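Q: What follows is the residue order along each chain.
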Amino acid sequence: MSAAPGPRGAGPVGLGLRGIGRPALAALAAIGRVALFAASLLGHLLRPPIYWRELGTQILQIGWFSLPVVGLTALFTGGALALQIYSGGARFNAEAVVPSIVAIGMVRELGPVLGGLMVAARVASSIAAELGTMKVTEQIDALTTLSTNPMKYLVVPRVLAATLTVPVLVGVGDAIGIMGGWLVGVTRLDFTSVTYLKNTVDFLEPWDIGSGLVKGAAFGFLIALMGCYHGMTSGRGAQGVGRATKSAVVTASVLILAANYLLTEVFFTS
Amino acid sequence: MITLSRVTKSFGNNHVLRGVDLTIASGKSMVIIGGSGTGKSVLLKCILGLVTPDGGTISLDGQDVRQAERDAFLARFGMLFQGGALFDSLRVWENVAFRLMRGATRRPKDEARAIALEKLRRVGLGPQVADFYPGELSGGMQKRVGLARAIAAEPEIIFFDEPTTGLDPIMAGVINDLIREIVVEMGATAMTITHDMSSVRAIADHVAMLHEGTIKWTGPVSEMDACADPYVQQFIHGRATGPINAIR
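Taken in order, these protein sequences are the chains called A and B.
Going by my numbering, 225 is the number at position 225 of the first sequence; the sequence numbering is gapless.
One gets my numbering by counting positions in the second sequence from 1 and adding 270 to each.
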């Protein structure tokens with residue numbers, strides 16, 4: 001028995017193409033909408049006014065209040081990394097590389113990526129839920145009627161704050177991660193404190209740290225951009241806000257991992 | 271004077287406004303009535319530019335609103351939103367003084383607070399609520415704060431979107447009286463959306479009935495009860511049978 005024709009007589013090949021084409025077109029449309037939103041945001045970033053009080057509040061919310069989660073993540077990651085490298089390095093008598101690899105691994109990759117992902121989970125969700133709720137309860141319309149541009153008042157301070165504070169969080173996370181490795185190295189792996197710290201400092205180069213901080217700024221921008229975009233375009237009701245929150249975290253996380261790969265290509269393979 | 275001429279707006283296949291013609295005279299209070307989902311809020315948002323109409327023209331004192339300078343245009347308006355739309359993160363007085371502390375008409379903080387306290391007093395709220403957050407207030411108090419915010423900068427035109435929805439009859443009466451008093455006192459042009467007939471009788475100088483995207487009837491509130499329009503008669507008497515389908 002032959003397969004039944006699909007809608008409007010499309011055969012299996014047509015249905016398959018349609019199955020690929022529709023999501024592809026939807027994805028392209030979504031990328032276009034985000035690009036337009038980002039272009040509008042950049043336009044507002046470059047033109048006054050800047051709401052300094054809002055910016056200060058967001059620096060506190062995004063930067064300061066994310067310190068505990070980023071710090072704890074870095075501490076445990078640094079410790080686990082030291083144990084892994086020690087046990088792996090022992091297979092070819094390379095236990096001595098633990099401090100340098102922990103340091104390089106933290107500042108180049110794990111600090112920015114894990115810090116970025118933790119901030120994405122905490123901040124992108126919070127921004128999307130807050131702005132989504134404001135949209136649903138007409139607070140964003142109210143801002144407009146009060147002669148205040150929502151992009152300037154709500155979006156610019158959040159994106160600026162995240163772009164400025166995530167690199168600082170990454171820097172602090174790097175230091176705490178290296179400290180986690182040192183703690184494990186000294187207490188569990190028989191390193192002396194001086195040797196561990198000397199190996200760390202000797203093998204680290206300024207660009208190792210700088211590249212991680214640049215990644216942090218890029219990730220901060222993406223986190224806030226996704227939180228704001230999904231919040232400002234949230235659907236109606238609790239379901240709409242819930243969907244916006246979920247989408248903000250998922251897209252911010254995926255974009256962080258994709259951007260990390262691209263930036264690593266640019267920074268370290270040329 | 272606000273003039274709407276053949277204003278249309280669709281959302282996909284849903285043709286909400288199908289050619290609205292309406293004039294709101296300066297210093298008068300116009301109330302738009304009509305069933306839920308008939309496009310009353312969309313009409314109001316079209317005037318403010320929160321929603322872009324697909325066709326037709328909207329003019330304010332003879333000038334097309336699309337050509338008006340946006341900040342100057344919006345500075346002439348105040349609006350009370352259906353749910354209050356107070357900013358959760360700001361204190362009550364900061365909500366009321368929001369416009370006074372930003373933009374071209376920015377005032378010093380102390381002066382803005384003093385004006386906010388005076389506007390709160392005008393809507394029957396004491397200074398003790400000024401430092402509360404909106405979430406700490408009852409629904410009726412939030413409406414009053416929203417009303418105080420709408421009048422804080424003494425706008426020429428005030429919009430009220432379902433001002434009594436969700437309030438008990440006594441509080442609804444208080445809000446209706448406040449709106450009437452304030453509009454008369456300020457000499458403002460008012461446009462109110464409601465399906466609460468007690469609000470209509472308390473607030474309106476003129477009434478317009480919106481149904482299926484067009485104005486079915488408009489006239490002075492004094493002529494509303496006697497008008498022969500079957501849509502108006504069914505609506506104001508709340509009849510289940512008539513030209514308006516009860517199930518939409």
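Please keep in mind that the hints were generated in silico from the structure rather than gathered at the bench.
Don't take every hint at face value.
Said to hold, decoys possible - What follows is a list of derived Cβ distance ranges for each label pair:
id, chain 1, residue 1, chain 2, residue 2, range
1, A, 31, B, 334, 48 to 54 Å
2, A, 29, B, 297, 43 to 49 Å
3, B, 375, A, 28, 40 to 46 Å
What the hints assert, rightly or not - Footprint (simulated), chain A over chain B, 3 or more residues, beta carbon under 8 Å:
id, region
4, 348 to 355
5, 364 to 376
Keep in mind that this is a model prediction, so the values were computed, not measured.
Ideal Cβ positions, reconstructed from N, Cα and C, are used throughout, including at glycine.
Q: Take the hints in turn and mark each one as holding or not.
A: Outcome of the hint check:
Separated by about 35 Å at the C-beta atoms, residue 31 of chain A and residue 334 of chain B break the suggested range of 48 to 54 Å. The hinted range of 43 to 49 Å is satisfied by residue 29 of chain A and residue 297 of chain B, whose Cβ atoms lie roughly 47 Å apart. Between residue 375 of chain B and residue 28 of chain A the Cβ separation comes to about 44 Å, which falls inside the hinted range of 40 to 46 Å. Counting residues of the region 348 to 355 of chain B whose beta carbon lies closer than 8 Å to any beta carbon of chain A gives 6, which reaches the threshold of three, so the coverage claim holds.
With 4 residues carrying a beta carbon less than 8 Å from a beta carbon of chain A, the region 364 to 376 of chain B meets the three-residue requirement, and the given coverage holds.
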